[in-house]
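Please build the complete structure, drawing on both the sequences and the hints.
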Amino acid sequence: MIRSATPIRFGLLVVVLSLAAQPVLAQEKVDTDKIMLAIKDLEKSLTEQKNKQDNSNLNLLSDISALKLRLDKLETALSAPPKNTDTSKKIDTSKLDSVANEDLKKQIEDLRKENLELKERLRTQSKRIDTTNVAKPGKIRFVNQYPTEMTIVVNSRRIDLSPFQDITVTVPAGSFNYQVLQVQEFMQTRTVSENETFEVNIK
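The sequence shown maps to residues -26 to -1, 1 to 177 in mature numbering (1 follows the signal peptide of the UniProt record, and there is no 0).
Hints are all accurate, no fakes.
Calculated pairs, SDA-like style, for lysine to any residue (alpha carbon to alpha carbon, straight line, at most 20 Å):
{"hint": "1", "residue 1": "K14", "residue 2": "D37"}
{"hint": "2", "residue 1": "K177", "residue 2": "T125"}
{"hint": "3", "residue 1": "K18", "residue 2": "I38"}
{"hint": "4", "residue 1": "K47", "residue 2": "M10"}
{"hint": "5", "residue 1": "K177", "residue 2": "P137"}
{"hint": "6", "residue 1": "K14", "residue 2": "R44"}
{"hint": "7", "residue 1": "K18", "residue 2": "D84"}
{"hint": "8", "residue 1": "K113", "residue 2": "T165"}
{"hint": "9", "residue 1": "K47", "residue 2": "I13"}
{"hint": "10", "residue 1": "K87", "residue 2": "I13"}
{"hint": "11", "residue 1": "K113", "residue 2": "V154"}
{"hint": "12", "residue 1": "K47", "residue 2": "K79"}
{"hint": "13", "residue 1": "K110", "residue 2": "E173"}
{"hint": "14", "residue 1": "K80", "residue 2": "D15"}
{"hint": "15", "residue 1": "K42", "residue 2": "K87"}
{"hint": "16", "residue 1": "K93", "residue 2": "E17"}
{"hint": "17", "residue 1": "K18", "residue 2": "K80"}
{"hint": "18", "residue 1": "K110", "residue 2": "F172"}
{"hint": "19", "residue 1": "K47", "residue 2": "I82"}
{"hint": "20", "residue 1": "K18", "residue 2": "K79"}
{"hint": "21", "residue 1": "K18", "residue 2": "L78"}
Just so you know, these hints were derived from the structure itself, not from any lab.
Right, dumping it as structure tokens:
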């Protein structure tokens, strides 16, 4: 009995062509997997940032900068053409790439929106004032007991005080400088505490 070799040869040809196409598909899959891993890393980074909103502004700003850098790298990887040096084995994967790329672009856009939200939170946090940490000022009361006008300089501010009058000046708590020009030759340095009134009698 004589058997035909044509079906066997055709089957071998199909197997050979299938094996020849696998490296390209594998390369495309590897590139896509790398991008997906990068996406997951970015999502993890964003989650960590949300859980650390109570940290300092400096740390938040650093996280945002790092996120922007990683987004830029991801977009670069996405826009780069697939690596394939063997043109004889190239197959058409444009439809698969189009679907995958659209999905990746959507994820990148979502990440960019979250990045903008983080920046907005940073701006809001920077404007917030913690009133419990604001130092309360001190006060200085000048009493002019002379029958003539006196000129006073307080922290570079000039004040003319009429005879037998008094004036109260608000200054930041801590050390301050003052000088009554008519009676003091040099600038005087004193200290006033929060909510304290320091009195200077000019006589």
